[in-house]
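If you want the building blocks of each chain, they are given just below.
There are 2 protein chains.
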Amino acid sequence: MQNFVLHNQTKIIFGADRLQEIGSEAKVLGARALLVYGRQSIRQNGILTAVTASLQSCSVAIIHHGGVQSNPLLSHVRQGIAKAKEEQVDMVIAVGGGSVIDSAKAIAAGALVDHDVWKFFNGKKSIKQCLPLACVLTLAAAGSEMNGGMVITHDDRKVKFGTGNRLLNPVVSILDPTLTYTVPPDYTAYGAADAIAHILEFYFTTADASTPVQDRFMEGLVINIMESCDKVLHDPCHYQGRADLMWCATLALNGWTAAGLGLVGFPMHMIEHTLSAHHDIAHGAGLSVVMPAWLAHQAERAPHKFAQFGRRVFQVEQKECRAAARAGIARLQEWLRGAGCPTSLAELGIAPETIPFLAEQSLPLAKLWRLKEYDQEKIETILRSCL
Amino acid sequence: MQNFVLHNQTKIIFGADRLQEIGSEAKVLGARALLVYGRQSIRQNGILTAVTASLQSCSVAIIHHGGVQSNPLLSHVRQGIAKAKEEQVDMVIAVGGGSVIDSAKAIAAGALVDHDVWKFFNGKKSIKQCLPLACVLTLAAAGSEMNGGMVITHDDRKVKFGTGNRLLNPVVSILDPTLTYTVPPDYTAYGAADAIAHILEFYFTTADASTPVQDRFMEGLVINIMESCDKVLHDPCHYQGRADLMWCATLALNGWTAAGLGLVGFPMHMIEHTLSAHHDIAHGAGLSVVMPAWLAHQAERAPHKFAQFGRRVFQVEQKECRAAARAGIARLQEWLRGAGCPTSLAELGIAPETIPFLAEQSLPLAKLWRLKEYDQEKIETILRSCL
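Protein chains in written order, with the numbering used here: chain A, 1 to 387; chain B, 1001 to 1387.
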């Protein structure tokens, strides 16, 4: 186990019918809120109405900033920062999934500085303070509701960069599984794929393999994500399934699994970010394509760890280590396919001839995230395995 | 999954050679600290010297309050409260295991009220504020370093009561596994038994059995506690083993496993508290005796859950549910015995004829903790199974 500091101060309010608590939670943070949300679904399913009613009943003034799209755009974040400054809000409230929460985080950090917010993403400035952030989660996927990470796409440069800071942790997040009943099957499955990818980035990229406590925690989460996703794909209003899936997705990236792993990387995310920066695809769908290919590539380096994964998560019975590793990856890919996730670039509409370009576009992020071993050739090799 | 609120703000600083950070962490909390610690070992192993040096280097004034004993006494807590008030300390610093940390918590709460601190334990008063608390952990066992619980023994009345409040969570806890290298084999194993008991209280007492995410997390912890304890009993300075055991013991009772379980109880602890209130035994040793008997008793009510435990934790192969349940409990008892823990009242020097008295003495705590089904007869039955 590596040394670590763990300090996650986000208050989680979890359960059915907790949505109406947003008003009283927000009131503690101030009197004026920038309310950040997405485009259509949030209006149609009544969640926005319920949130505004709760805030109004607690006398919290609302400045609206809807229209966040998936793979959220820097331009929209900049507009939010301008509003937050002009209206002198005390807090930011996000109602949505990872894209909305990440936009809200960028606004919360950008509202308190004079320079452009993108400087936080390209490493030219570091975050020193933020407006307090409250979240109402509507999608089990990104884990942003209980961590200090955020990912934003630069509209013009077509790069999707991420950064993190403990100050970005939401003060409070409301996780009401019933709010995800209306998430369609494809996005439910993409969310599960995203959460599994978060876990496996850590599980397989640790420098020190001696992390038995974290290993069993992560293996349990992967099993539970698959089981709960299967339940809700069969029955979208299965409360237990939606609750388990939501909580697992939060735990997949809230720092608990990573505590003690040492330096971890996000190579799958690095490659996927390029795909969704250049193509209009869901982040989880892109990860579902990259994941089996990256795993197969990585398995060559740590076959024992992969065999452990195959045996414990899928009960594969191959005695030979590399065979067990391959069998585990194959079973995961089968599960992704069965859940309706794409597992090839073709399914995403990405042509083979664009691979060199996509690999090249991934290099700046590889550099920024210090994934030193990922050069043009290696990324191309992995992408070719996604064909 | 049941609704829950999770808000654990304790900052964990984990790893080798982190002890010297206590000074800089304390400095943030104020200028004067009541330093609470135990009796002999803390002086012998150099930890106290290192802590005072770090505090002095950061200009934190120290008021000493050593002498905490295991099964810590109310009288000693009261003395600490008097010192804290007289010396107007800004914070309490605990250097030790659960007994020391629990004493420090009681002092931190008692120092800010005019009434007697015992009123927090008998339910007559509730905690509204506390002095900030910092901990340096020296024993993997109680989990008090990352939760808001505390247990104190009333000297005269011979009762050992516990209570909890989120305000009692330490602000910061330093978990340096190397500080446990000198813990002798018996106390190492008792600590492991204590941590396993914390997990199994929750695992087996949940009203709602549908907690697959928490189940797998807890099963993994039990396996890792046994594996890491075996390692350090063989090699006391095995860093990985000490680190895993320490982190597992913290996770066993920091609220993460309980999130979503609904109302949980502490029936094993209720019975054990009476044993160690009336006999000079280690808490973990008492739990090791009570645990198999209570599990066998409880298994009648939820054989499927016990069979799951046996199959997943010990790979028992019995197909029939009750047989698998029994086999799992037997394997756990074997492990406890193999680790050097007592598994009978005789080994604790407790005579069979005292059982009615001990059962009677357990009743006030059963009432206080709302363990309604535990009457004289039921507790006697369980204690007779410990013979």
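In case anyone wonders, no lab produced these hints; they're calculated from the structure. All residues carry an ideal CB built from backbone N, CA and C; glycine is no exception. Keep in mind that the hints are not guaranteed to be accurate.
[Unchecked claim] On the chain A side, residues computed to face chain B include the following (Cβ under 8 Å):
1. N3
2. F14
3. D244
Consistency of the hints with the structure:
1. With a cut of 8 Å, the hint placing A:N3 at the interface with chain B holds, because the nearest CB-to-CB distance is about 3 Å.
2. The closest approach between the C-beta of A:F14 and any C-beta of chain B is roughly 5 Å, which is under the 8 Å cut-off, so the hint is satisfied.
3. A least Cβ separation of about 5 Å between A:D244 and chain B falls short of the 8 Å threshold, and the interface hint therefore holds.
The earlier numbered hints are all upheld by this structure, with none contradicted.
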